[in-house]
Every structure is written in C-alpha cells, then in structure tokens.
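Residue numbers (numbering that gives the first Met the number 0), protein chains in the order written: chain A, 0 to 231; chain H, 0 to 231; chain S, 0 to 231; chain X, 0 to 231.
Warning: the hint list may mix true and false statements.
Intra- or inter-copy, both count: the list cannot distinguish identical chains.
As the list claims (entries may be wrong) - Using 35 Å as the maximum straight-line C-alpha spacing, the simulated DSBU-like pairs for lysine-lysine come out as follows:
#1 K89 with K182
#2 K78 with K211
#3 K85 with K182
#4 K19 with K135
#5 K8 with K135
Since the hints were derived computationally from the structure, they do not count as laboratory data. Bear in mind the structure is a predicted one, so any value in this text is a computation, not a measurement.
Here are the chains, one letter per residue:
4 protein chains.
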Amino acid sequence: MSQYDHIKKAAYDANMQLPKLGLVLFTFGNVSAADHKLGVFAIKPSGVPYEDLTVDSMVIVDFDGNTVEGNLRPSSDTKTHAVLYKHWPKIGGIVHTHSVYGTAWAQAQRDIPIFGTTHADHLTVDIPCAAPMADKSIQGNYEYETGFQIMNCFEERNLSYEEVEMILVGNHAPFTWGKTPEKAVYNSAVLETVAKMALLTEQINPQAPRLKDSLIKKHFERKHGPDSYYGQ
Amino acid sequence: MSQYDHIKKAAYDANMQLPKLGLVLFTFGNVSAADHKLGVFAIKPSGVPYEDLTVDSMVIVDFDGNTVEGNLRPSSDTKTHAVLYKHWPKIGGIVHTHSVYGTAWAQAQRDIPIFGTTHADHLTVDIPCAAPMADKSIQGNYEYETGFQIMNCFEERNLSYEEVEMILVGNHAPFTWGKTPEKAVYNSAVLETVAKMALLTEQINPQAPRLKDSLIKKHFERKHGPDSYYGQ
Amino acid sequence: MSQYDHIKKAAYDANMQLPKLGLVLFTFGNVSAADHKLGVFAIKPSGVPYEDLTVDSMVIVDFDGNTVEGNLRPSSDTKTHAVLYKHWPKIGGIVHTHSVYGTAWAQAQRDIPIFGTTHADHLTVDIPCAAPMADKSIQGNYEYETGFQIMNCFEERNLSYEEVEMILVGNHAPFTWGKTPEKAVYNSAVLETVAKMALLTEQINPQAPRLKDSLIKKHFERKHGPDSYYGQ
Amino acid sequence: MSQYDHIKKAAYDANMQLPKLGLVLFTFGNVSAADHKLGVFAIKPSGVPYEDLTVDSMVIVDFDGNTVEGNLRPSSDTKTHAVLYKHWPKIGGIVHTHSVYGTAWAQAQRDIPIFGTTHADHLTVDIPCAAPMADKSIQGNYEYETGFQIMNCFEERNLSYEEVEMILVGNHAPFTWGKTPEKAVYNSAVLETVAKMALLTEQINPQAPRLKDSLIKKHFERKHGPDSYYGQ
C-alpha cells in the first residue's frame with residue numbers, strides 16, 4: 000500500500016489501453032497519471048513490454064522529474080511529462096505514442112487540417128505540429144526541452160491547453176493530454192483516426208476545403224459548449 | 000415489458016454490429032429501428048460506450064423527435080432520424096457512422112463513382128454526397144436540418160430512397176437506411192468497402208472509367224430486379 | 000450420405016477459409032470443388048452467410064450448370080464455374096472473391112505488373128485483367144459468358160491455365176483456381192497480397208521497373224521447376 | 000534430446016512470432032537461431048505452415064549450408080542465412096519476411112529515408128536497399144549469392160552490421176538480424192512500421208525533409224549510446 004496507489008492504478012489501466020486501441024508497437028508509448036495536490040505523477044517504466052506491466056511497476060515522479068517511489072527507471076520521456084504537469088495545472092493525464100498516421104503527419108511537419116465534423120467534435124483548429132527543436136536544445140536536456148517545445152507552440156499560436164488537448168511534435172510523434180488519463184488516451188485514438196481521415200481526404204480531393212466556420216462552431220458546441228447536448 | 004420491446008431489441012442488436020464490423024471508434028455511430036404503425040423509433044442513447052449498452056437503455060422517440068420512453072438522452076443525431084422516418088414511410092432502420100473511408104469521401108465533398116460490380120450489386124448510381132448546409136440552417140435546428148439536407152439532395156437528383164439506401168453528408172459522414180435496421184447496417188458496411196475500393200481504383204488508374212450502363216443494369220437486376228437470382 | 004460428400008466437404012472447408020483470410024465481406028465470395036470423373040462440382044449456396052454454412056448446404060451442379068443435388072439455389076456465379084470446369088480438365092477448385100485490392104485493380108482495368116519475387120514465386124507474368132465484356136454478352140447469358148471472357152483472355156495472351164492460376168475480370172473482381180480448392184483459396188490470398196504490394200510499389204516509385212527476366216525465371220523455378228527445392 | 004535443443008527452441012519461438020506480428024502470409028518468412036561455438040544454426044523447414052511447426056521440426060545446418068540434423072528440408076533461403084552467419088560472427092538470429100510495406104520499398108528499389116525519431120531510435124541511416132543481383136549470380140548459386148549481395152551493399156556503403164541490423168534486398172524483400180533471434184524478429188516489425196510511416200510521410204508531404212543530424216544522434220544515443228537511458 001502506498002499513498003500513490005490511485006495514480007498507479009490509473010496509469011496502469013490507461014497504459015494497457017494503448018495496445019488494445021492499436022496505438023503502439025512493442026513499447027513505443029507511455030501514459031502518466033498525475034495528482035496535482037501531491038505534486039507527483041505515475042508513469043510507465045521504460046522499455047517494459049505491456050504484457051509484463053503491473054500496477055506496482057508504475058514509477059512515481061515529481062514535477063521536476065525526480066523519482067519519488069519505484070524500483071524501475073521511468074519512461075525516457077518522463078521529463079516532458081513533468082514539464083507539462085508543472086505548467087498546466089488542469090491536466091491529469093498525458094499520453095505519448097508513435098501511432099502510425101499521427102507520426103506520419105509529424106514527420107511530414109504539417110498541421111492536420113480540420114476537414115470534417117469528426118475533427119470539429121473535438122477541437123476547433125488544425126491539430127498543431129510544433130516546429131523541430133533548435134540543435135542547442137536537442138544537445139542539452141532534450142526531453143525537458145520537448146516540454147517547452149510543446150508549450151511554446153501553444154503560446155505562439157495563442158492556443159489553450161484546456162481546449163486543444165493534442166499536438167504533433169515535428170519529426171517525432173503525437174502527445175495528447177486531458178483532465179484524466181482515460182481522456183488523454185481517448186484523445187490519442189481520436190488524433191490517429193482524424194490523421195488517417197485527413198490523409199485520405201487529400202488523396203480523394205487535393206483541393207478539399209477546410210471545414211467552414213459555422214460547422215466548426217456548431218459541432219464543437221454541441222459536445223462542449225454551455226448548451227451541449229451530447230452524452231448523458 | 001413495454002410495447003416497444005421489439006424495436007428496442009432490434010436497435011440494440013443492430014448497434015452492436017457496428018463495432019464488430021469495424022465501422023465505429025468509441026461512440027461515433029448510432030442505429031435506430033422504427034415501428035411506423037406506432038409512429039416511434041428506438042435509438043442508441045447519446046455517448047454511451049457500446050460495451051455498456053443494453054436493450055433497455057434504448058430510447059423511444061416519436062417522429063417529431065420527442066422522447067416517449069427511456070431514462071437516457073437519445074443520440075445527438077436523433078432529429079435527423081426523426082425527419083427521415085417521418086417523410087420516408089418505407090424505411091425501418093437508419094445508421095449513422097464516421098467510418099473512415101466513407102467519412103474521407105464526405106470530407107472531400109465528392110460522390111463515390113460507380114467503378115465496378117461490387118457497387119452495382121447495391122445501387123445503380125454514384126453514392127451521392129450532399130452539399131454542405133447553408134450557414135443559416137447550421138445555426139438553427141442543425142440535426143433537424145440535416146434530415147432535410149439529405150432529402151433535398153435526393154429530390155434535386157431525382158433519386159428514390161427505396162433504390163438508393165445511402166448518402167454522404169458533405170463535410171460530415173455517411174448515413175444509410177433500409178427496410179430493417181439489419182439492412183441499414185449491411186448498407187453501412189457496403190458503403191465503407193465501396194468507398195475504399197473507389198479510392199484505390201483512382202490511385203491505380205486516375206483515368207479509370209465509370210462502369211458501363213449494361214453492367215450496371217445487369218448486376219443490379221440480378222440482385223434486385225423482378226427476375227433476380229441472387230440469394231434463396 | 001451421398002456420393003458427393005467428398006467434394007461437399009472440400010467446398011465447405013475451402014469456403015470457410017475466405018472470411019478467415021479477410022477476403023470477403025458478408026457473402027461476397029464463393030468456392031467450388033470439382034470431381035471430374037463424376038462430372039460435377041459442389042458450390043456455395045447463393046447469399047447464405049458463412050456462419051450459417053454447413054457441409055450439407057453445398058449444392059451439386061454439373062458442368063453445364065444444372066443442379067444435380069441440393070435444396071438451395073447455387074451461387075449466382077455458378078455458370079462461370081461450370082464453363083471453366085468443362086474446358087479446363089485439370090482444375091479441381093475455383094474461387095471468386097471481391098477482395099479489396101484485387102477488385103480495385105480489376106476496376107482500374109489494369110494487369111498487375113510483376114514487380115518482385117513474391118509475385119514471381121507464383122507466376123511469371125503480370126496478373127492478367129480481362130477486358131470488360133461486350134454489351135451483347137452482358138445482356139445474354141452473363142455468368143456463362145464470364146467463363147468465356149476468362150478463357151478468351153488466356154487464349155489471346157497465349158497463357159496456360161495450369162501455369163497462371165488467377166485473373167482479374169475487368170470492372171468486376173478476381174477469379175482464381177488450382178488443382179484443389181485449397182490451392183485455389185491460397186491463390187486468392189496470394190493475389191490480394193501481390194495486388195496490395197504492387198499498388199504500394201507504384202506509390203513509392205512511379206518509375207519502378209518490372210522484375211527482370213532472370214529473377215522471374217529463378218524464383219518460379221525454385222518453387223515450380225523440375226529441380227524445385229521449395230517445400231517438403 | 001540433442002545438443003541443439005537450445006537453438007531449435009529459440010528458432011521455433013521466434014518463427015511463431017512472425018504470424019502474431021502480422022509479418023507473414025502463409026509460409027512467406029523464416030527465422031534462424033545460431034550457436035557460433037557449435038558452428039550451426041536452427042532454421043524453419045521449407046514450406047511448412049506455422050500452425051504445424053514444432054520445436055523438433057527445426058533443421059540444424061552448418062555455416063556452409065549443409066544439413067547436420069533433421070528430417071525435413073530446410074528453408075529455401077538457408078544458404079543466405081549460412082553466408083551471413085559465417086561472415087558476421089556477432090549475430091545470433093536472422094529473419095526473412097515478405098512483409099507488405101517493407102517488400103513494397105524493396106520492389107520500388109529505394110532506400111527508406113530516415114524521416115523521424117521512430118527510425119532514429121533504431122538506426123542512424125536510411126534503411127539500405129541492395130541493388131538487384133547480376134544475372135550471372137542469379138543463374139548460379141542464387142541464395143548463396145544473396146548473402147554476398149547483402150554483405151557487398153554494407154561494404155560499399157561502409158555500414159556496420161552491428162549498428163544497422165536490417166536491409167531490403169532489391170526486388171525481393173527485407174532481411175533483418177540481431178544478437179538474438181528475438182531481436183531479429185523485433186527488427187523485422189520495426190522495419191515494417193518504419194516502412195509504412197515513410198510512405199505515408201511522403202504522401203502527406205512530398206518535400207518532407209530527412210531528419211536533421213542532431214535529432215538522429217540524440218535519439219540513437221539515448222537508446223544505444225554509452226550513456227543510454229532507455230530500458231531497465
């Protein structure tokens with residue numbers, strides 16, 4: 000028993016969703032679950048196959064990236080998670096995967112255009128692709144800098160992390176987040192599906208227009224606005 | 000026990016086919032089953048995961064979109080279903096999904112060309128893509144207007160809803176229907192397969208011609224004409 | 000018990016492989032198994048879902064297309080099978096599917112170019128695509144004419160049905176055959192994989208050259224030549 | 000019991016991973032496991048379906064390609080494996096598949112460009128595609144020459160087989176290797192995923208740039224450098 004059992008369990012459950020949703024090959028992904036009051040998060044240990052994971056193998060880390068509890072080395076992306084939790088107080092879960100279509104857009108260094116209502120049901124803007132990092136930052140504290148690469152992109156574009164819960168890190172792959180780890184995993188699957196639909200849309204019609212503003216507004220508000228009428 | 004048990008059961012069974020056929024991610028789809036004599040239909044509750052659905056969770060709604068029985072909020076697309084049932088007396092089931100290839104054609108705002116006999120076995124024309132809705136309608140009673148968007152497209156093109164049981168709503172995604180909910184689900188799977196085949200066909204040969212009239216006629220009639228010889 | 004039990008069983012087993020191999024949606028496919036001494040073949044009944052098939056539901060038909068035994072109507076493609084068995088005495092099984100990539104090439108009305116050794120392990124020429132049928136034949140005895148459409152294509156190109164065990168019927172979909180129904184099913188899966196690889200090859204390199212003759216010869220002979228050394 | 004049981008077991012286990020990872024259709028693949036002290040390797044018997052394989056059916060072959068133990072004929076690619084083991088003393092496993100995306104790049108005769116970190120996590124250069132073999136070698140000892148085709152490509156490009164554990168054989172398909180058979184299988188799955196991502200990347204952005212050197216270096220070193228911090 001530990002005071003961190005609730006986030007270990009949440010992180011474990013969310014990690015186990017990744018292979019079920021077809022979002023990871025081998026160990027190419029990780030999920031964390033944070034408790035902002037305790038100032039820590041639980042994250043997948045590095046390089047451990049999903050079938051060998053247990054609740055107790057989750058590693059507890061503080062928002063500066065220091066291991067607080069656990070015998071295994073945490074995910075190599077841990078510092079990116081730490082930076083985001085430290086600066087974005089309202090997120091409870093973060094997911095990183097190399098899902099195939101999302102990663103292809105990141106490698107192509109393009110934002111994913113908003114082409115339809117599947118996209119607009121979840122966010123009102125193109126899914127942003129952060130520009131590749133400066134060489135100096137890469138050679139330095141790389142995973143730590145990845146956190147700032149993500150936050151800088153949001154600042155430059157004037158985006159809110161509470162409204163846009165996903166990003167492509169250029170040349171690398173997607174990160175998503177949410178109020179809970181479950182929501183962050185959900186967002187990873189949405190991003191992958193929207194990424195595939197957008198590529199197919201451009202293949203069917205290279206001149207396909209972006210979704211018009213009235214439809215973007217309508218679909219987002221029916222799921223997320225003050226008068227939303229989706230769900231129970 | 001309720002007088003609506005038969006359509007609740009039919010709607011439940013048909014909804015459960017969607018994830019099995021790979022047509023939905025999470026809750027991105029819904030099926031309804033109508034009883035025209037009773038003037039109502041049973042439809043999936045909004046935002047409830049497929050694995051949590053039960054027969055009794057289906058919501059009974061009349062053809063004006065009013066809930067008649069059920070504790071949950073019906074699908075956010077309920078009014079579109081209601082409009083279609085009200086005006087098209089011979090359909091017993093309606094399906095809406097965001098299946099990947101069908102949605103990509105809808106986002107590309109293109110009809111799906113009839114390229115082969117797989118398509119002609121089911122309909123004799125291109126699968127129509129309804130033009131995006133006017134802003135005024137979007138800002139108004141959106142889901143209700145979607146029903147008219149579908150019917151207007153059929154009227155303008157002089158199509159019969161009994162012969163053509165599927166449409167793409169531009170920028171959005173497919174709707175299909177049929178005499179029964181099972182047939183409507185079948186049509187959704189056919190649409191998705193035909194949509195994928197059509198994209199691949201254009202990739203293999205950008206000058207691929209539409210199927211010639213004699214083959215369209217032959218294949219449709221062997222399945223659906225007065226002298227059809229397909230099935231038992 | 001019937002004197003046809005052996006081909007009923009063979010046809011049933013081979014039909015059940017189609018959904019397992021991902022080659023059919025719903026009932027879009029059929030396999031037959033012939034006994035040339037008895038002058039008949041067993042074939043899938045028309046429009047019956049694979050999960051409802053039984054050995055006894057297979058229909059026995061002679062090489063002129065007349066039903067000899069069975070209570071159900073045979074596949075609507077039965078006459079095509081009959082024509083091929085009548086003229087090609089060394090084939091024991093025929094398969095017809097609407098597998099997605101094979102059908103896309105058929106709709107594009109293109110032969111599948113021989114790009115690599117996966118293809119050359121099975122045949123030494125491009126997979127032929129038969130030209131669409133003349134309108135007069137379509138309006139006549141269509142499925143019977145499809146058999147001649149296939150044979151005519153082989154005659155015009157001087158191909159041997161014993162060496163090339165597959166074809167695309169233009170605008171329609173693939174047919175494959177073999178000494179046994181199992182081999183015919185195997186060929187359908189090979190065709191679908193080769194069809195997908197060929198499309199991807201052209202997407203990666205639109206100038207990809209056909210496989211050179213020395214490699215075609217080598218790969219085919221190591222599997223099929225007099226000094227073959229593949230298999231046991 | 001035989002002195003080769005350990006490599007038979009290792010080869011069997013690794014072979015059985017191929018269908019699970021979706022890398023093979025039917026028997027289109029093989030894995031071997033070597034013991035360099037004993038100077039032999041265990042390899043899949045030729046043409047035997049994966050579901051019929053057993054540990055004892057693995058064939059023991061020496062590094063000149065002579066069968067040492069076993070009743071079945073070894074894989075038709077055995078001599079390629081033998082040549083590589085003979086010249087590359089530090090590899091313990093070799094895999095050959097016709098996985099769809101890897102094979103498409105081989106057929107297109109193109110190296111797979113390094114576009115992102117998924118690739119750089121495993122190797123720092125484009126995945127090499129060996130030029131097709133000279134006709135003279137094809138007509139001679141073909142599978143033996145395939146081993147030299149692979150080694151020559153590495154020599155010409157000044158690549159180390161310990162750093163780059165995969166290659167595409169032009170017109171043919173991928174080969175991968177590693178210190179163990181498990182690692183070689185892992186590399187086959189990585190190659191297939193990277194191959195798919197690279198094609199999609201070029202489709203999304205035909206001008207997508209190669210990954211910049213600083214990122215290549217960073218990602219490879221965090222997994223493989225002297226100060227690596229990935230895994231346990």
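>> At most 35 Å between CA atoms: does that hold for K19 and K135 within a copy, between copies, both, or neither?
In response: neither (38 Å within a copy, 42 Å between copies)
>> Please sort K78 with K211 into within, between, both or neither, judging by C-alpha distance up to 35 Å.
In response: between (38 Å within a copy, 22 Å between copies)
>> Please sort K89 with K182 into within, between, both or neither, judging by C-alpha distance up to 35 Å.
In response: within (13 Å within a copy, 41 Å between copies)
> For the identical chains here, do K85 and K182 meet the 35 Å Cα criterion within one copy, between copies, both, or neither?
Replying inline: Within. Shortest intra-copy distance 19 Å satisfies the 35 Å Cα cut-off; inter-copy 37 Å does not.
> Under a CA distance limit of 35 Å, which applies to K8 and K135: within one copy, between copies, both, or neither?
Replying inline: Classified as neither: same-chain Cα gap 38 Å, cross-chain 48 Å, threshold 35 Å.
Comparing the model with each earlier hint shows violations of hints 4, 5; every other hint is respected.
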